[in-house]
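Chemist: These are the residues of each chain, in order.
There are 2 protein chains.
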Amino acid sequence: MKALVLEKTGDIKDLKENLVFRDFDTPVPKEGEVLIKVQYAALNHRDVWITKGLYSGVRTPIILGSDCAGTIADSNGSSFKNGDAVIVNPTINWGVNQSHQNKNFSILGLPENGTLAEYICIPSKYVYLKPEHLSFKEASAFPLAGLTAYRACFVRGKITAGDNVLITGVGGGVATFAMVYCIAAGANVFVTSGDEDKLEQAITFGAVGGINHRIENWEKRFKEIHPKINKIIDGAGGGTFAKCLDICSEGGTLINYGATLGAVKNFEMRRVFWKQLNIYGSTMGSDEDFANMIEFIDAKKVKPVLDSEYEIQNGAEAFVRLESSKQMGKIIVRV
Amino acid sequence: MKALVLEKTGDIKDLKENLVFRDFDTPVPKEGEVLIKVQYAALNHRDVWITKGLYSGVRTPIILGSDCAGTIADSNGSSFKNGDAVIVNPTINWGVNQSHQNKNFSILGLPENGTLAEYICIPSKYVYLKPEHLSFKEASAFPLAGLTAYRACFVRGKITAGDNVLITGVGGGVATFAMVYCIAAGANVFVTSGDEDKLEQAITFGAVGGINHRIENWEKRFKEIHPKINKIIDGAGGGTFAKCLDICSEGGTLINYGATLGAVKNFEMRRVFWKQLNIYGSTMGSDEDFANMIEFIDAKKVKPVLDSEYEIQNGAEAFVRLESSKQMGKIIVRV
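Each protein sequence line maps, in turn, to chains A and B.
Numbering-wise (the working numbering), the first sequence opens with residue 3 and increments by one.
Numbering-wise (the working numbering), the second sequence opens with residue 3 and increments by one.
Think of the hints as simulated: they come from the structure by calculation, not from any bench.
Note that the coordinates shown come from a computational prediction; the quantities given were computed from them, not determined experimentally.
Mixed in with the good hints, there may be bad ones.
The list treats identical chains as interchangeable, and a pair is accepted whether it falls inside one copy or across any two copies.
[As the list claims (entries may be wrong)] In silico BS3-like cross-links for lysine-lysine, where the CA-CA straight-line distance does not exceed 25 angstroms:
id	residue 1	residue 2
1	LYS105	LYS225
2	LYS83	LYS4
3	LYS277	LYS105
4	LYS277	LYS160
5	LYS222	LYS105
6	LYS230	LYS105
7	LYS222	LYS139
8	LYS83	LYS127
So that you can see chain A by itself, here it is in the shape it has in the complex:
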């Protein structure tokens, strides 16, 4: 088969040399696995970090990619039929606790070969029928970011109709799924971005409003206009999370799923205890979360926000697009 193979890690400017579209042994399903012919894959920031060597346990050569939609090419005795349209849960070995992943947990696409290839083998327990309202292209956008957003919003944040939700950094994969999920759930959704175009686009998708986080003291201005934000979903950490502690109303809830801005340098604990805040960390999701996400997507006919599409042989360009942070929604790779 053909695959997009990371031969060695390095700077993003060298990615075209390091990420090679080439022949690779077609995997053969082991017991309990199925073989999937990938139609579309999608990228996550994790993939970019791995190309830079900024992830623990990086090995090369490796096929990256955690997201895909495709068809069953070899059902290998499972309950699937050859030709079934499917998507894949990229959370490997979550374990038995719903509260947290166990130590052996991993994510599809490292250490195991991922989805940026013509074929992939995966245990059938991680494979789900594609919701019928989604095309292969749309379905491929969901797995990693959609699951992370689902757990953050509903399992951890328990967001329901009527909640006033602020989502930071719209445009990013998880934040954008969180936006469409919260809107689908009937919440009043507000977003932040450093890009006015993304703020406008968010409103076309159903957000109530947004604010540009490049404005000085944006949090004070935002809080004056919207003093009743009771849920906040953040993947930035750092100074953004510090401001979120200020924005969140008494008894409110903050969910954090990432820290692209690093540690919080001045975390005002007095806000946390005096306002009786709830802060929940969240990452990825359990098998149960993935199944519930599929049910939710199906029931609400949720569609993803898609940014752009690249052919797999031009995959490096897709990585450069993701690195630029200009995207609104998911960057898709056609296989």
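Start from chain A and add chain B according to the hints.
Modeler: Just chain B now, kept in the frame of chain A:
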């Protein structure tokens, strides 16, 4: 009546001049209030901060004190009988939300006159019959710190038998109540202190173990020995809370009720999301929390840890003892 009256705020070394035991108008109960003859009162750090002017809305002259036990001197048409032995909930105007106090919330002892006096008037809805297994002296220790600990442990932290709980800064009022409550609830309790004597005393009260937080990298040493801490109750914030994020096991819960060490200077958000931690802020407690606390104390026959007793005319010495942080448990004032 006689009362301990704060005439003006200032440094703790001037407290003997600023805090005067003198005549004061005996209060007269308004509609809905009862008059209580105070037998014992107890101190909280809040009282010390007020004497220094480090609290918003300080006025003088004022009678400080949030805690007392005494007898009904004028039942004023309430369901109490004159002579009933009672304790008082110091949370005034919590409001209707169980999740957080409303904006008009205040604490007995500022802005209203408090318990360091022969008599106090208080709405009868804040008055509860003293549990019979407690003396007046013991009962007076509970109200503010006991309520804060109750909400932190059980309403916010949902601590139950089998939890492995770390409580920071044992010796302080809330931390020491948290210790005895968690032990009474069947949890395995560990404590920190900078004082070896307090660590030893904690074990005599039923704690499993403790560690001196003056040891360099105490959190690493503690975590090596006790890797399964799933609940942490902290009132320090600052660097202590940062270490607690490290100590807490995956899926675990941290409850913070104060920040004597101030903001957290390097709050590692990646620990929060990757370990799927839960962080709950907590302060004081609702009327419902107070009623549930009384029920819990009664059912488990909980006794407070008492540090020392002072006569009200020597009240300033009690404040100096509290300021020294040498106490293990509550400092009581006999009226």
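Chemist: Any hints this thing doesn't respect? Which numbers, in order?
Modeler: 7
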